[in-house]
Amino acid sequence: MSHSFHIPVLGLAFSIDTPLKVAQYGISSVVSIVDDTLIERMRAYYCEQFERPYIAIDATQDDARALRITAYLNLMQEIIDEQLQAMQAGDFENSENLNRYFALLPEKHPAKLRYQLLKSEPQLASNLQKELIAELKASIKPGNIDVNIMAKVDKLNFDSHGLALAEKFSDALAAIRGFAQAKINSSVVLSAGLNPKLYSYIAEFPQFIPHLKAEHQKFIILKVSDFRSAFIQAKFLAKKGLWVSEFRIESGLNCGGHAFATEGLLLGPILEEFKAKRTELLEALFPLYKEALAARGLQVEEAPAIAYTYQGGIGTAQEHEFLLQHYQLAATGWGSPFLLVPEVTAVDSETIENLIQANAADFYVSGASPLGVPFNNFRQSTAEKRRLQRIQAGRPGNPCKKKYLVSNTEFTAEPICTASRQYQQLKIKELETQNLDAQAYEQQFNTIVEKTCLCEGLATPAYLKYHILQKKEEPAVSICPGPNIAYFKSQYSLDQMVNHIYGRTDLLNQVQRPLFFINELNLYIEHLTSYVAINYQSVTEKKEKYVQKFKAQLLTGIQYYENLKNQVSLLSTTRKEEVSAQLQLAEQKIKDLGFA
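The numbering of the sequence shown is the working numbering, which starts it at -10 and goes up by one.
What the hints contain is simulated information worked out from the structure, not anything from laboratory work.
Errors might be hidden in some of the hints.
The calculated DSSO-like cross-link candidates involving lysine-lysine, where the alpha carbons are at most 30 Å apart (straight line), are [to be verified]:
1. K418 x K454
2. K279 x K186
3. K141 x K279
4. K554 x K565
5. K10 x K478
6. K101 x K10
7. K141 x K580
8. K228 x K141
9. K580 x K531
10. K157 x K390
11. K554 x K540
12. K478 x K454
13. K580 x K540
14. K186 x K144
15. K141 x K390
16. K228 x K279
17. K279 x K202
18. K101 x K126
19. K224 x K264
20. K229 x K157
21. K580 x K532
Please construct the entire structure, taking both the sequences and the accompanying hints into account.
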């Protein structure tokens, strides 16, 4: 890897073209392949920008979803290849991109050291200088065009006559097929839980079996929030002859997008468990993998490598370096801060300004997602303002066009989306028949109308930024940053953000910000406090046990952090005292929590 960080998937649109901005500098990033309508329109846009012929893939065409994804990924790879060729053909005296590639590298990277030698010794002998330049150019490696699939977002599809299509045309299976057939060597990031149908289907593609040596190799990254989930999913895949090349550990709450909270198990102990059990995990997976490959007639004697990375809430170079060193990670992920880097992400200018002007209270975990999973939301987004306007006008809910998140069959035979106007009107009518008191009615009503359309709102920022919004499309933008973005208060360049990650500059200078461990702990306390408040009037033995287990896990995490702070050089003496005070305050809050 050229860099010790990557840019995770950011919504549907925010990182939809990020590889075109950063891959030439060796930075890997992740593209969502959930929305093939967005993908097709981005392909049309970039074909025009790079003067390439564009042949539309109509939504009614056979296997259109997979074909659209393949075509867009191939286009990006072609453009990045040309960027790399131009860079390698340039010279260090005149090529801005060539110099930028090496300037952005971390200080300890071997190529960075050779680059600094070239720049600091202009009088090198001609033959030595040529040799050094040749070595540097040969070391240039592009970042990956990785893709993300939310495994359980897997709607079945129908033809124009309303007849169900074959299972392989479901959303997730079509997406993985589109990725597998693309002419790129990269990884799919599987998130949001185990989908046996999808995982079994992946095993049908030779591109995911390294020992079959397919022309364009594909790898699997599991995004997980705890060791148990990682172990279960990896075992399932290994039995299919599929190897997890990377476990991408993400904070349950201190992240963007959907929030998959643990039952109080904090990040520090989670990372410690992954660190302690790497050998155990390898020894459990490899025999299953070896046996599955043997059934295919493939012999393998050595387990492939496994990388471990972390993402969620990292804000400083010190935190980045601590994670790499203490937990022996290959890289970290920096997501939400890049929403404020216009040359990297597809965020419209109004949303960027709203993010910069916001305060910490504007970022919150909501019930806005139709998936029924907690969702990081932004109070000042134009989509949130539009949602409230619809409620005030007596027309809550959204028109449902793309139908990626349809799942509810309470009122209809065919699944509909809980954010749709159809569903919310039906649900409110049902609510009105229940004769609830005013307070209970309002609580239920707000739960219904809190759901918002993510299919449209998370795609719109790219349409606005590139001026490709079509007639009758709403300009309302949904955005789902992690709470850590509240500490970043400006618009930045790629160079500024990368220099911040590597400690060459400090974008948070003078900003009072708790350690990311403490931030996550406080988010979990807020999460549990909210759970207790919501369930206070309907306490059961099961809920009581849940709260007690949650509290015990949090208290165990606090003790872990108290011990950890004295083992690392990340903190000054003053900062260690601050952390102790913050942990003590958190501990008291936890002990006071409960139904009693």
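Give me the numbers of the hints this structure contradicts, sorted from smallest to largest.
1, 7
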